[in-house]
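Below are the chains, spelled out letter by letter.
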Amino acid sequence: MGDVKLAFVVQKPQYKGETSRLAITHAIAYQTVEILLEDGDTVTPTLCFVGEGVLGLQKGQKAMDLYEVTSTETHLKNCLLVDLDVLVCKEDLAKYGISEDMMPDAEDMGADKKIKVAPFSEIQKAMEDAKHILFF
Amino acid sequence: MATLTVGCFPGLIGNMSYDFVVKLAGAAVNKGHKVNIWFAGNAAGSVKAHQKHLKDYSTGEKHLKALIEKGVEICTCEACTVARGIQKPEGIEKIQWNAMHWYLAKIHASDRVLQIGGE
Chain P
1043 MGDVKLAFVV
1053 QKPQYKGETS
1063 RLAITHAIAY
1073 QTVEILLEDG
1083 DTVTPTLCFV
1093 GEGVLGLQKG
1103 QKAMDLYEVT
1113 STETHLKNCL
1123 LVDLDVLVCK
1133 EDLAKYGISE
1143 DMMPDAEDMG
1153 ADKKIKVAPF
1163 SEIQKAMEDA
1173 KHILFF
Chain C
47 MATLTVGCFP
57 GLIGNMSYDF
67 VVKLAGAAVN
77 KGHKVNIWFA
87 GNAAGSVKAH
97 QKHLKDYSTG
107 EKHLKALIEK
117 GVEICTCEAC
127 TVARGIQKPE
137 GIEKIQWNAM
147 HWYLAKIHAS
157 DRVLQIGGE
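Going line by line, the protein sequences match chains P and C.
Heads up, the first sequence is in this note's numbering, so the first residue is 1043 and it goes up one at a time.
Heads up, the second sequence is in this note's numbering, so the first residue is 47 and it goes up one at a time.
To be clear, the hints were calculated from the coordinates, so they are not data collected in a lab.
Misleading hints may appear alongside valid ones.
[Claimed, not checked] Below, a list of computed lysine-lysine pairs in the BS3-like style, where the Cα atoms sit at most 27 Å apart:
id: 1; chain 1: C; residue 1: Lys94; chain 2: C; residue 2: Lys134
id: 2; chain 1: P; residue 1: Lys1156; chain 2: P; residue 2: Lys1119
id: 3; chain 1: C; residue 1: Lys94; chain 2: P; residue 2: Lys1058
id: 4; chain 1: C; residue 1: Lys80; chain 2: P; residue 2: Lys1047
id: 5; chain 1: P; residue 1: Lys1173; chain 2: C; residue 2: Lys69
id: 6; chain 1: P; residue 1: Lys1137; chain 2: P; residue 2: Lys1158
id: 7; chain 1: P; residue 1: Lys1173; chain 2: C; residue 2: Lys77
id: 8; chain 1: C; residue 1: Lys94; chain 2: P; residue 2: Lys1173
Assemble the whole structure, with the sequences as input and the hints as a guide.
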């Protein structure tokens, strides 16, 4: 069957509920799915944040210090470390007054991949290219 | 016939989305389709055995057992489940426990995927 592209579309803010976090962890699971697939089969997710889903992504989070839970920032860094494509909607960031340079990177962990702040048209293209879309 | 995988995230009690998942799965398997259900988030709490069916609320256990008997594969996110204080020996028999890659693997082989969002 080869590669199956998936679009994970996060519409809910981080920390407000559980599912916005689960979107990230489910997407990261693509790294280990091959143990359950036939040789040559792969899953390629693209993680997209739109609408209120762009809230709670900024760098400098202290979730571990204050609540003893892993921050969304750390999860995003893990995404970049495993070469996951992460798209954040440019228009929605602007709507909430969040500057693009507030997006975290994982350079300190050695990741080359970066979060891509992308126009919605690019996120729409990722959804069109995916076989399945999963809304969180 | 087709393969349908349903990701179920809402809690069992007080949420009709959960009832929709089990009813839809039943309808699909009765038509001869292959059905997989993945529980994560609050839905993971619904794999606890010995649920009491109070008439005021929906129940999951009898529906899940019936679906399993019809060949539906049901799997719960182990991390989500143990986070809710439910250990595997306390779970409904024949429900699988696995990590999130189980869901992705089932999606890979599916013709259709329904993601029923949670809270």
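### Task
Would you check the hint for C:Lys80 and P:Lys1047, treating anything up to 27 Å between C-alpha atoms as holding?
holds (21 Å)
### Task
With a cut-off of 27 Å on the C-alpha distance, tell me whether C:Lys94 and P:Lys1058 pass.
Judged against 27 Å, a Cα distance of about 26 Å means the pair holds.
### Task
Quickly compare the C-alpha distance for C:Lys94 and P:Lys1173 to 27 Å and report which way the hint goes.
Roughly 33 Å separates the two Cα atoms, so the pair is violated.
### Pair hint P:Lys1137 and P:Lys1158, alpha-carbon separation not exceeding 27 Å
holds (17 Å)
### Hint consistency between P:Lys1156 and P:Lys1119 [alpha-carbon to alpha-carbon, up to 27 Å]
Measuring from Cα to Cα gives roughly 9 Å; hence the hint holds.
### Task
Would you mind confirming whether the straight-line C-alpha gap from P:Lys1173 to C:Lys69 stays at or under 27 Å?
Measuring from Cα to Cα gives roughly 25 Å; hence the hint holds.
### Query
Is it true that the CA of C:Lys94 sits at most 27 Å from the CA of C:Lys134?
Given that 27 Å is the threshold and the Cα spacing comes to 9 Å, the pair holds.
#### Entry: 27 Å Cα cutoff - pair P:Lys1173, C:Lys77
holds (23 Å)
Going through the hint list in order, the structure does not satisfy hint 8, though it satisfies all others.
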